[in-house]
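Same order as they appear, the protein sequences are chains A and B.
Number 201 in the numbering used here belongs to position 201 of the first sequence; there are no gaps in the numbering.
Number 105 in the numbering used here belongs to position 105 of the second sequence; there are no gaps in the numbering.
None of these hints come from the bench; they were simulated from the model.
Among these hints, one or two may not hold up.
Derived lysine-lysine pairs resembling DSS-like cross-links, with alpha carbons at most 25 Å apart [to be verified]:
| no. | chain 1 | residue 1 | chain 2 | residue 2 |
| --- | --- | --- | --- | --- |
| 1 | B | Lys26 | B | Lys83 |
| 2 | B | Lys53 | B | Lys115 |
| 3 | B | Lys83 | B | Lys142 |
| 4 | B | Lys142 | B | Lys60 |
| 5 | B | Lys60 | B | Lys126 |
| 6 | B | Lys43 | B | Lys28 |
| 7 | B | Lys126 | A | Lys54 |
| 8 | B | Lys83 | A | Lys52 |
| 9 | B | Lys53 | B | Lys126 |
| 10 | B | Lys115 | A | Lys54 |
| 11 | B | Lys142 | A | Lys54 |
| 12 | B | Lys156 | B | Lys26 |
| 13 | B | Lys26 | B | Lys53 |
| 14 | B | Lys126 | B | Lys115 |
| 15 | A | Lys54 | B | Lys83 |
Single-letter residue listing:
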Amino acid sequence: MAAVTSADLEAVDFDLEDDDLMDEDVVAEPLPAAAPASRLRSTIAGDGAPRKTKGRGFREDRDSSSVPRDSRSGDGGRGDLDSLGSGGGPAPIRSIEGWIVLATGVHEEAQEDDLHNAFAEFGQVRNLHLNLDRRTGFVKGYALVEYENFEEAQAAIKELDGTVLHTEIMNVDWAFSSGPAKHRSSQKRYFLLGSRTMSLVGKKEARFQLSIPSFFLR
Amino acid sequence: MATAGGDNGGGAADGEFYLRYYVGHKGKFGHEFLEFEFRPDGKLRYANNSNYKNDTMIRKEVFVSPSVLREARRIIQESDIMKEDDSNWPEPDRIGRQELEIVMGNEHISFTTSKIGSLVDVQSSKDPEGLRIFYYLVQDLKCFVFSLINLHFKIKPIQS
Numbered sequence: 001m002a003a004v005t006s007a008d009l010e011a012v013d014f015d016l017e018d019d020d021l022m023d024e025d026v027v028a029e030p031l032p033a034a035a036p037a038s039r040l041r042s043t044i045a046g047d048g049a050p051r052k053t054k055g056r057g058f059r060e061d062r063d064s065s066s067v068p069r070d071s072r073s074g075d076g077g078r079g080d081l082d083s084l085g086s087g088g089g090p091a092p093i094r095s096i097e098g099w100i101v102l103a104t105g106v107h108e109e110a111q112e113d114d115l116h117n118a119f120a121e122f123g124q125v126r127n128l129h130l131n132l133d134r135r136t137g138f139v140k141g142y143a144l145v146e147y148e149n150f151e152e153a154q155a156a157i158k159e160l161d162g163t164v165l166h167t168e169i170m171n172v173d174w175a176f177s178s179g180p181a182k183h184r185s186s187q188k189r190y191f192l193l194g195s196r197t198m199s200l201v202g203k204k205e206a207r208f209q210l211s212i213p214s215f216f217l218r
Numbered sequence: 001m002a003t004a005g006g007d008n009g010g011g012a013a014d015g016e017f018y019l020r021y022y023v024g025h026k027g028k029f030g031h032e033f034l035e036f037e038f039r040p041d042g043k044l045r046y047a048n049n050s051n052y053k054n055d056t057m058i059r060k061e062v063f064v065s066p067s068v069l070r071e072a073r074r075i076i077q078e079s080d081i082m083k084e085d086d087s088n089w090p091e092p093d094r095i096g097r098q099e100l101e102i103v104m105g106n107e108h109i110s111f112t113t114s115k116i117g118s119l120v121d122v123q124s125s126k127d128p129e130g131l132r133i134f135y136y137l138v139q140d141l142k143c144f145v146f147s148l149i150n151l152h153f154k155i156k157p158i159q160s
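So here's chain A without its partners, still in its complex pose (with noise of 0.2 Å):
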């Protein structure tokens, strides 16, 4: 948590020198949920609501046989916003090979064939992954497929999504994204903006007003 603090300060130091940000008429915006929700107590405050808890996992010590969990899948949460794009919103990204869309509402009895025809006329299926209910054999429901451009994928989605496969509606979209819309360097700018606005001073009330809401961030 340090480090993101002083990492907040530094930018504002930066920051304060950029005349660019004069023209901006942006409002500070409320934090992103950069905090993993998963620790036992449920603490996480969403509505205020009191949240049901249910589970062993709730009453049991963490005896020996299970590792903390931030050390078993390494929690590179905080520091890892590998985001890429350009600060905007979040994007589709490309994955090792190709482009990957997610269709959902796929009808049960959909064959792999049904889905590489519809699929197909956009540009050529380089993989198409469509997974049955462990249980039933049936479709799951869902299918991932796979295009080699951008381009043979957006067309994809803009004309399959909402269309109808075997008497059900099946809606497509991109399966992979950029992240949440918070880019990192854009958030240091919304927080300094809103301290700009709230007090006309230097850097160091804009400083005392940044380490507030990294607060926020556990």
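Fit chain B to the known structure of chain A by using the hints.
Below, chain B alone, put in the same frame as chain A:
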């Protein structure tokens, strides 16, 4: 704080969503486990660890779109796992441990049980109905996550 508002890419239509599944054991080859996590902000994290033949941890993470989160929610909703309880499920043991933690709206479940080898283990437990739902839900979630992770990260073999 971690609110469920539209700022999260519009994914949390009816409140917060969080999902984590862990299965693992400790043995000759270290702490071998598989874990994946869908966070409210759309981050999907995957980890697979084993020291078998001196292997190391595999960790992948990627942001998924709100549609993916919605689909995960739907899978969970339709399974009715939120109505179950793990009080009569087998306790984790030497053979292994499974953990399933889900936050959906204002309900937060955190189930822990032993590994399930097959339907035989489900049938012979004290709560076959509930455990069966868990058993199949875990398989469906794994299918979904593995598809996502493999499509995003795995390169295809060279076709000859």
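Hint-by-hint comparison with the structure:
Under the criterion of a C-alpha separation no larger than 25 Å, the hint pairing lysine 26/B with lysine 83/B is inconsistent with the structure, at around 31 Å. The suggested pairing of lysine 53/B with lysine 115/B holds, with an alpha-carbon distance near 23 Å, which does not exceed 25 Å. Restraint check for lysine 83/B and lysine 142/B: satisfied, since their Cα atoms lie roughly 21 Å apart, inside the 25 Å limit. With a C-alpha separation of about 15 Å, the suggested pairing of lysine 142/B with lysine 60/B holds against the 25 Å cut-off.
A hinted pair counts as satisfied when its Cα atoms are at most 25 Å apart, and lysine 60/B with lysine 126/B does not qualify at roughly 36 Å. As the CA atoms of lysine 43/B and lysine 28/B are separated by approximately 32 Å, the hinted pair breaks the 25 Å bound. At most 25 Å may separate the alpha-carbon atoms for a hinted pair to count; lysine 126/B and lysine 54/A meet this at roughly 18 Å. For the suggested pair lysine 83/B and lysine 52/A, the alpha carbons sit about 11 Å apart, so the restraint of at most 25 Å is met.
Between lysine 53/B and lysine 126/B the alpha-carbon distance is near 38 Å, which puts this suggested pair outside the 25 Å criterion. In summary, the hint linking lysine 115/B to lysine 54/A is supported, as the alpha carbons are separated by about 20 Å, within the 25 Å threshold. A C-alpha spacing of about 22 Å is found between lysine 142/B and lysine 54/A, which places the hinted pair at or below 25 Å, so the restraint holds. The straight-line distance between the Cα atoms of lysine 156/B and lysine 26/B is roughly 32 Å, outside the 25 Å bound, and the hint therefore fails.
In summary, the hint linking lysine 26/B to lysine 53/B is supported, as the alpha carbons are separated by about 15 Å, within the 25 Å threshold. Distance hint between lysine 126/B and lysine 115/B is fulfilled; the C-alpha atoms sit about 15 Å from each other, no more than 25 Å. Restraint check for lysine 54/A and lysine 83/B: satisfied, since their Cα atoms lie roughly 9 Å apart, inside the 25 Å limit.
When each numbered hint is compared with the structure, violations occur for hints 1, 5, 6, 9 and 12.
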